[in-house]
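Undergrad: Going line by line, the protein sequences match chains A and B.
Using this note's numbering, read the first sequence as starting at 1 and increasing by one per residue.
Using this note's numbering, read the second sequence as starting at 1 and increasing by one per residue.
Do not rely on the hints blindly, as some may be mistaken.
Simulated pairs of lysine-lysine, BS3-like, Cα-Cα distance not exceeding 30 Å [claimed, not checked]:
no.	chain 1	residue 1	chain 2	residue 2
1	A	K99	B	K44
2	B	K64	A	K99
3	B	K44	A	K3
Quick caveat, the hints were computed from the structure, so don't treat them as lab data.
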Amino acid sequence: MSKPTFVYVTYIATTIEQLWDAITSDSFTQQYLGQEQLQSDWQAGSPVEQVNSEGELERKGEVLRSHPPHELCYTFQFFDHTQPSRVRFLLEPSEYQVKLTVIHDQLEVQSYLSNSDRWAMCLSNLKRFLELELMTLWVA
Amino acid sequence: MDVVFKALSDPSRRQLLDLLYTHNGQTLGELCEHLAMTRQAVSKHLAVLEAANLIVTLWQGREKLHYLNPAPIQEIYDRWLSKYDRQQLDTLSQLKRNLETKSPGD
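Assemble the whole structure, with the sequences as input and the hints as a guide.
TA: Okay, here's the thing in structure tokens:
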């Protein structure tokens, strides 16, 4: 196993189910990949299809592990990479928040910095979005 | 957020983050090589950083690897900087970097 290149831990005030739905949603994967979306039924062994804005299949990854709503691990490929990367999401509930750990490995070194920047932005948006949603629920 | 600023208020701890920023995923031993501190002191600083969620540790076989966790710093950015245009901030900070890396004789 290669040494992970990127690890991100954040605590999000939401439920574990909502967080699972969010990380497997089209909008989250699109925000991360820019032009493409990841589409899958998120079952172990299923393909992860990278679809462009026209709906065409660009590349394919695979779901390696799936234990909803606790763990999801899959491969996918950045547009400028020759090798697929692997990402693992771990979701652990605590009293009021969910701890989200993202471990990314098998990245190509050149793109590593731009990737970590992208992950950080994308995950912090996810946190804001889920916490805002929770606030709206409380208000309603 | 208090715990993050407290952790960042120490120069040795900032240096540890610098080391992980340049080379992420190091062991305690590797980190000690670059620092004029005892292993025990480094280990204490790492514990403070980990409690503030500024670093995350992962076990890889028998090695405990330390990673810089960008989340708390991103939250600081979101709180005070995100309303500014990122591109403009980047351009200005690039300008500063370019000018400051030039030696006075240039």
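Undergrad: Do the alpha carbons of A/K99 and B/K44 lie within 30 Å of each other, as the hint requires?
TA: holds, 24 Å
Undergrad: Would you check the hint for B/K64 and A/K99, treating anything up to 30 Å between C-alpha atoms as holding?
TA: Status holds; Cα separation ~20 Å.
Undergrad: Quickly compare the C-alpha distance for B/K44 and A/K3 to 30 Å and report which way the hint goes.
TA: holds, 24 Å
The structure agrees with every numbered hint stated previously.
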